[in-house]
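Asks: Let chain A serve as the given structure and place chain B on it in line with the hints.
Just so you know, the sequences run in chain order A and B. Mapping of the first sequence onto this note's numbering: residues 1 to 128, in sequence order. Mapping of the second sequence onto this note's numbering: residues 1 to 162, in sequence order.
No lab work stands behind these hints: they were computed from the structure. All C-beta atoms in this analysis are idealised placements derived from N, C-alpha and C, irrespective of residue type, glycine included. Mixed in with the good hints, there may be bad ones.
What the hints assert, rightly or not - If you only want the chain B side, here are some residues facing chain A, beta carbon under 10 Å, derived:
{"no.": "1", "residue": "Phe30"}
{"no.": "2", "residue": "Asn102"}
{"no.": "3", "residue": "Asn107"}
{"no.": "4", "residue": "Leu137"}
{"no.": "5", "residue": "Pro141"}
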Amino acid sequence: MNSIRVLIVDDSSVMRKILERSLRQAGVELTSVCQAANGAEALAVLAENQVDLILCDINMPVMDGLEFVKQLPGVENAKGAPVIMITTEGSESHVVQALSAGAKGYLRKPFTPEQVKDHVIPLLGVKA
Amino acid sequence: MRSPSEVWGENPSIPEGWSSILEVAVREVFELMLGCRLTVPEAPSEEPLDITAMVGLAGRLCGVLSLQCSAKSSAIMASRMLGVEPDQIGPEVCDAFGEICNMVAGNFKNKIAGLGEGCMLSVPTVITGNDYSMHSLTDSPVLEVRLQFESGPLVIALQIHN
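In isolation and in its complexed conformation, chain A is listed as follows (with noise of 0.2 Å):
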């Protein structure tokens, strides 16, 4: 597998380093590691940073999780990567409005390194 950039957004500081420890249990093997607190943070990163995969919560103050995957399309650092919503809302209609803005994957909190493993691997060769 080829070493790969991702961008993880959480306004929980703690959930973006269980996020990464969870990728590199899963094999994935990290170029660069870029982390914003929520959507807008997120943008600003990217006006900066290309990468490869997004990990990306729902709920988050200032710009939610869905409102960045809206903006995505217009991102060049973006293009390409597939973005996984992370998040505990697990009902039918969030992981509809989740995949209609463009995210590729869903995973629900609680989550084990195994789940993330299964949601991210298959994704890596995947064009969005």
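Replies: Chain B alone, transformed into the frame defined by chain A:
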């Protein structure tokens, strides 16, 4: 969407089975995210409950879900989540404990038919110290589950407002 009174009646009470659903929701979070099994306390603990995390629920179910444990236990929880030693844990404790509470609240509501869609969660609030009292403005029922994390008590309470 049905109003809270249509779902729970004019005089809310704890629906049957919610206690075990709440316990399962808590146990799952600890097993999946911390890799540990909670046990049932055999005797009351002397350990202080000096950290509290709260998440508000609004919509079809209105209320507050809270978690309480000792500062020592919360540091161990954070260390388990982050894969580091407890003495390496600093200000992440509150973030980690709040996130656990958030996941418990989300996991619980997703197990109750109709709540996954119609109930929103607030961002978590964490209080350190135990010299405080919580007062609800309504005569609301409280569902409480007492478990044990390692050697310390863990109290989970769901106060229902509708």
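Asks: The structure should be examined with respect to each hint, and the outcome stated for every one.
Replies: Against the structure, the hints come out as follows:
1. Annotation: interface hint on Phe30 (chain B) holds; nearest CB of chain A at approximately 9 Å, less than 10 Å.
2. At a threshold of 10 Å, the smallest CB-CB gap from Asn102 (chain B) to chain A is about 6 Å, leaving the interface hint in force.
3. At its closest, the beta carbon of Asn107 (chain B) sits 6 Å from a beta carbon of chain A; the interface hint therefore holds under the 10 Å criterion.
4. Evaluation of the Leu137 (chain B) hint against chain A yields a violated restraint, the C-beta minimum of about 25 Å exceeding 10 Å.
5. For Pro141 (chain B), the interface hint is violated, since its Cβ never comes within 10 Å of a Cβ in chain A; the closest pair sits about 24 Å apart.
Hint compliance for this structure: hints 4, 5 are not met, and every other hint is.
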